[in-house]
Structure formats: C-alpha cells, structure tokens
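So you can see what is in the structure, the chains are spelled out below.
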Amino acid sequence: MLSAQAFGDPGKMKDYHYTGPVEHKFSPYAFNGGTVLAVAGEDFAIVASDTRLSEGYSIHSRDSPKCYKLTDTTVIGCSGFHGDCLTLTKIIDARLKMYKHSNNKMMTSGAIAAMLSTILYGRRFFPYYVYNIIGGLDEEGKGAVYSFDPVGSYQRDTFKAGGSASAMLQPLLDNQIGFKNMEGVQHVPLSQDKAVQLVKDVFISAAERDVYTGDALRVCIITKEGITEQTVPLRKD
Amino acid sequence: MALQDLCNFQDFFQDSLTKQSFSGTFGKSTACNYVSSSSFRNSTSLFRFYIPVAEYLDESPIQFGQISTVQSSSAFSSQDSILSSSSLPTSLPFASSQSVPLPFPMSHGTTTLAFMFQGGVLAAADTRSSCSGLVACPASQKILPIHSHLVGTTSGTSADCALWKRILARELRLYQLRNGRRLSTRGAAKLLSHMLHPFKGTELCVAATLCGWDGGEVDDGCHAGTETDLRASFSGPGLFYVCSDGTRLQGTLFSVGSGSPYAYSILDQGVRWGLTVDEATSIAREAVYRATHRDAYSGNCVDIYHITSNGWTRRSREDLKEEYYREKERKEKANIGEYFGET
Chain G
256 MLSAQAFGDP GKMKDYHYTG PVEHKFSPYA FNGGTVLAVA GEDFAIVASD TRLSEGYSIH
316 SRDSPKCYKL TDTTVIGCSG FHGDCLTLTK IIDARLKMYK HSNNKMMTSG AIAAMLSTIL
376 YGRRFFPYYV YNIIGGLDEE GKGAVYSFDP VGSYQRDTFK AGGSASAMLQ PLLDNQIGFK
436 NMEGVQHVPL SQDKAVQLVK DVFISAAERD VYTGDALRVC IITKEGITEQ TVPLRKD
Chain A
35 MALQDLCNFQ DFFQDSLTKQ SFSGTFGKST ACNYVSSSSF RNSTSLFRFY IPVAEYLDES
95 PIQFGQISTV QSSSAFSSQD SILSSSSLPT SLPFASSQSV PLPFPMSHGT TTLAFMFQGG
155 VLAAADTRSS CSGLVACPAS QKILPIHSHL VGTTSGTSAD CALWKRILAR ELRLYQLRNG
215 RRLSTRGAAK LLSHMLHPFK GTELCVAATL CGWDGGEVDD GCHAGTETDL RASFSGPGLF
275 YVCSDGTRLQ GTLFSVGSGS PYAYSILDQG VRWGLTVDEA TSIAREAVYR ATHRDAYSGN
335 CVDIYHITSN GWTRRSREDL KEEYYREKER KEKANIGEYF GET
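For the record, the sequence lines run as chains G and A. So the mapping is simple: our numbering equals the position in the first sequence, first residue as 1, plus 255. So the mapping is simple: our numbering equals the position in the second sequence, first residue as 1, plus 34.
Among the hints, erroneous ones may be present.
Stated by the list, open to error - Computed far set for chain G versus chain A, every beta-carbon distance over 12 Å:
1. 277
2. 312
3. 323
4. 379
5. 435
6. 445
7. 466
To be verified - Derived CB-CB ranges, DEER-like:
8. 438/G <-> 316/A: 21 to 31 Å
9. 274/G <-> 232/A: 49 to 59 Å
10. 237/A <-> 315/G: 23 to 33 Å
11. 367/A <-> 274/G: 52 to 62 Å
12. 295/A <-> 442/G: 30 to 40 Å
13. 312/G <-> 358/A: 36 to 46 Å
14. 324/G <-> 327/A: 43 to 53 Å
15. 437/G <-> 367/A: 52 to 62 Å
16. 207/A <-> 426/G: 35 to 45 Å
Claimed, not checked - Lysine-lysine pairs mimicking DSSO-like chemistry, simulated, CA-CA at most 27 Å apart:
17. 435/G <-> 491/G
18. 324/G <-> 352/G
19. 435/G <-> 355/A
20. 479/G <-> 324/G
21. 455/G <-> 435/G
22. 324/G <-> 280/G
23. 362/A <-> 435/G
24. 491/G <-> 479/G
25. 435/G <-> 234/A
Derived from the structure by calculation, the hints contain no laboratory data. Where a beta carbon is used, it is the ideal one built from N, C-alpha and C, also for glycine.
Can you build the whole structure from these sequences, using the hints too?
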C-alpha cells in the first residue's frame, strides 16, 4: 500500500537543511491543523474544537471554530484541510435540506453518519482530507458519537478525538472516560458538568504540547433542550 | 436544481427507461434507487448489478480551472449512486495509474482467519485498526455479517471493506428478492470478485473471506442429497477467499492479514474436520492470541463468529489482555514447579 513515509508527516515542515535535490509538485491538499473532540453521555453529547487555523508556520485565523451545527440534535467537527471542510459541510447541509424536503423530517444522527460515509467514499480516489467526528443524540435521546476516517470508514463510539492533537488526547480520554488501564476504580457514568470540565482540561493540555492547537476552545453541548455553546480562551502562543 | 448540481446528485430517474414506479419522488429514492441505478445500464437481463465503470480513472483530478467542487470521480454505486452523466472534458491524455498522493495513511494491518469443520464454519478476527503506527481504533469490527447465513471477514483498508461489504449485502438482498432464494457463498464470492475487478490496479485493498451456509429455504433443511428442485442446490458450509487483486479461492482454511503467518502455524497444527465447536473455538482464539502477541498491527480483542445451518452466532468479544496475564501466571507456576523439582 502507499507508504505514509513517502508523504512526510502531515502538517509538519520538512527538515530545515539541504538533503539533496527535491522535486516539488503541486499538492491539492494543505494541512490547516486543529483538534476536534466529541464525548457522548447518557442524555447529552459534547462536541468541542479549538479555533486556530494554521498553515505551516503561520496562523491564518484565531477564530475559526471547527464545529458546525447540522440539525438541532447533531453537530459535526471537521479538522484537516479547511477547504475540504467547508465544501463537505456545504454538501452535508444541502443533502440535509433535500432529505427534509422529500421525507418531511430531519435526519437522525445515525442517518447523517451513514450518509457521510457514502459521501466520503464517493471520493475514494481523491479523498476529502477531513477528519470528521459527529456528535449528537440518537432517536432514544442518548448521546452518540460517530468517528470517521478520511475515506468514510466509521463507527459509533463513546468518545473520540480527531485532528492534530488526537494522538495525545485519545489515550487521556481512554483513561479518564473509559477507565482503561486502571485497576480498582469504580466505573462512574459521566455527568454533563464533569464531561465539560474534562473537555476543557484536555484541550488546555493539548494546547500546551501541540503547536497547531490553541487560541480558543469552542464547546457545543447538545441536549434535548437544544445546543448551547461556550467559548474558553486557550494559549495564544 | 442548484442543490443537486452542488452535490452532483442527479435525479436520473428521468433517465431510466424501466422502473417507472420509482420515478419522481426522492422519498422513495433512498430505499429504492439502487434498483434504478441498475437499470441505468439499460439491459434487459433480470439479474443485473451496477459495475462502476472506470471512466473516472481516465480523468485527471488535477486540471487547473476544470475541476468542479465535487469530483465527477464519484462514479461508484454507493448507497445513493451519484453518477455524473456530464463528465468533465478531458483534453489531456492521462495515465489512469497516476493518482493524487495522499497526505494521510489509511487503516491497515490485521489478523483474520476462517475454517470449516464438522460443526459449520468458524471465523475469528482481532479488533485493532491501525494507521501507520497509531492505533486508530482498538475496538473495530472486522467480521461483518452480510446476511443471516453469510459473514465476511475484512482485511485491508477498513473503509474499502466496510463499503464493499455493504454493496455486496445490497446485491445479495436484491438477488434474493428477485430469485426467491439466497445466493450461494460461491456465487457471492464471484459477485464480489467481479465487482472489484474494475478497480484492479488502483489503491483499493480488500482481502475478505466469505463464510456462509448455503441451503436456501427453511424447508430445504438437512437433506443435502435429495433435490426437490431441478436446480441442483448444494447445501452446506462454504468458505471463499476474495481479494481485490482478483484472487478468488475456495478452501477449508484461510488466514488473512499481517498476522496470518502466526495464525497459520497454530491452525495447521490443530484444525481437523472432526473438531467439536468448543475445540474449534479455542483453536481459533489461540491462533488470534498468538498472532496478536507477535504482530504489532494486530491486537486488543478477539471476535469469533460461528456459522451453522441456523445462521451465524457471535461469541461475546473477549479482551486478550487478561489472557496475557493468565499465561504469565501459568508460566511462573511452571517455572516454580521446575525449580522445586516437581514435574
């Protein structure tokens, strides 16, 4: 299969010394950084993202959140290449409208997830460079999180981190929410306040160690009452 | 409609010559448009399925100023079959083997196995989904049920396997509705192999084993010998290996994936036709356990599915971490025993 080494690590600059003649090709992709996180609770779901938009060594914007509201019960977080994120969310919005007009009801979270999988796979040979995470409430009112890879493979989770700091955040979430790798700990179900606090703490940690994460944190909390948003400042350096 | 143009979602019911009952409403489209997508080919045979034509491979995805926001490369039969009939003008000759280099790695690496024995077919797999060094998902499902009597193990790129299994399930259901009986495992393997053939040479990577029980109707039962139909119907277990490079093999034992050499060593030692269900389950579990121990890209838990004439049953997922600790204790006890002169 295609080796990842051939393309370098996404988003990281190449070595800053001469390694030999290098062929430069036009790449249709860019890496704009950002981290997205979603947590599902008993009757709520949280989707959070940082708001930094970067490219290489520059920051394009400090106020570019990556959560997009799809319906009253579903929010999607997209990180990766910002151009593809914008197009993908436009396409999803359009498909939601079409579904609403022809079926006279809103799409459920599970249906949106299945639809997104086929949209992404339709571009199997020129993929959308977007890491998606959908957070919302399912038909029974329970929290649901669906995480995707760029070509459409998806599954339902309880919590998932995606984007540039995902490798740092996911083990922390596994431990704190999934109670993994701990002995003799009581498995307490997560309450909404604890979950929001955990998400804020986790992003503060991510901003410390990942250069592409920072500036501010946008948290969307989805309950049956609706979607509330909070903005929390993060490190700006 | 502007919305449809944006998404390249064309209402090609107006194009379809048959299946008038499905024209017009989108409302039915999500459930039924696969039928009209197959009539798109304008053939009159009863059993037709949509083979995505590899036209898009001739189009360069990078042509300055000629790319629309949504690629017409989405020429697949996906669940909503977006096929653009107005393809982009391709003035540049383009080698179909060239593709856009991806900036991200795809999920890969696994251990799956399946074998046949007197009690049916057993399929087992690990649950780690890795992405060039990072474990993308420690609890993925690599054995996907396709219908009540057919299960497929997946190896390769997870997205490819998931979507193609979904497409296969749809085509098998269509066959069942049109012909009144389930397609045999052999037929399903051939169908999958032919659906993947247009993508030979591309980066698509699917290596699946299809494990099923043929037998058709309920009253067909266990009378494998008596033919009530003129159609000679084989009844019993079936195991086939299908790969996206074109391989299609029948067999009684397969293991696929990066951990397969380790699994084969355990299976070759222990698998016989006369195994009981419990023995077979423990061999499969042991094979996956040893493979996950040695192969970096396999790990976490083991899933086991058992297919009989009544359909498939799933053994609850077992975390292999506990097994490592148990094994360690056993070894320590054995060492202590030797030390103190016990045998």
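When you check the alpha-carbon spacing of residue 491/G and residue 479/G, does it fall within 27 Å? Roughly 34 Å between the alpha carbons, so the hint for residue 491/G and residue 479/G is violated.
Non-interface claim for residue 466/G, where every Cβ of chain A lies beyond 12 Å: holds, 18 Å
Quick check on a hinted range of 21 to 31 Å for residue 438/G and residue 316/A, using CB atoms only. With Cβ atoms ~27 Å apart, the hint holds.
Cβ separation of residue 312/G and residue 358/A, checked against the hinted range 36 to 46 Å: Taking Cβ atoms as reference, residue 312/G and residue 358/A lie about 44 Å apart, which means the hint holds.
Given the hint of 23 to 33 Å, is the C-beta distance from residue 237/A to residue 315/G inside that range or not? holds, 31 Å
Residue 367/A paired with residue 274/G, Cβ distance criterion 52 to 62 Å: holds, 55 Å
Verdict for residue 207/A, residue 426/G (Cβ pair) under range 35 to 45 Å: holds, 40 Å
Residue 435/G and residue 234/A: Cα distance at most 27 Å? The given pair, whose Cα atoms are some 41 Å apart, is violated under the 27 Å limit.
Per the stated criterion, does the least C-beta distance between residue 277/G and chain A lie above 12 Å, as a non-interface residue requires? holds, 14 Å
Can you tell me whether the CB distance of residue 274/G to residue 232/A sits inside 49 to 59 Å? The hinted range 49 to 59 Å is violated for residue 274/G and residue 232/A, with Cβ atoms some 40 Å apart.
Checking a non-interface call: every C-beta of chain A should be farther than 12 Å from the C-beta of residue 379/G. Is that right? Non-interface label fails for residue 379/G: nearest chain A Cβ at 7 Å, not farther than 12 Å.
Are the Cα positions of residue 324/G and residue 352/G separated by 27 Å at most? OK: residue 324/G and residue 352/G at ~13 Å, within 27 Å.
Going down the numbered hints, you'll see the structure goes against 4, 5, 9, 15, 17, 22, 24 and 25, while the others check out.
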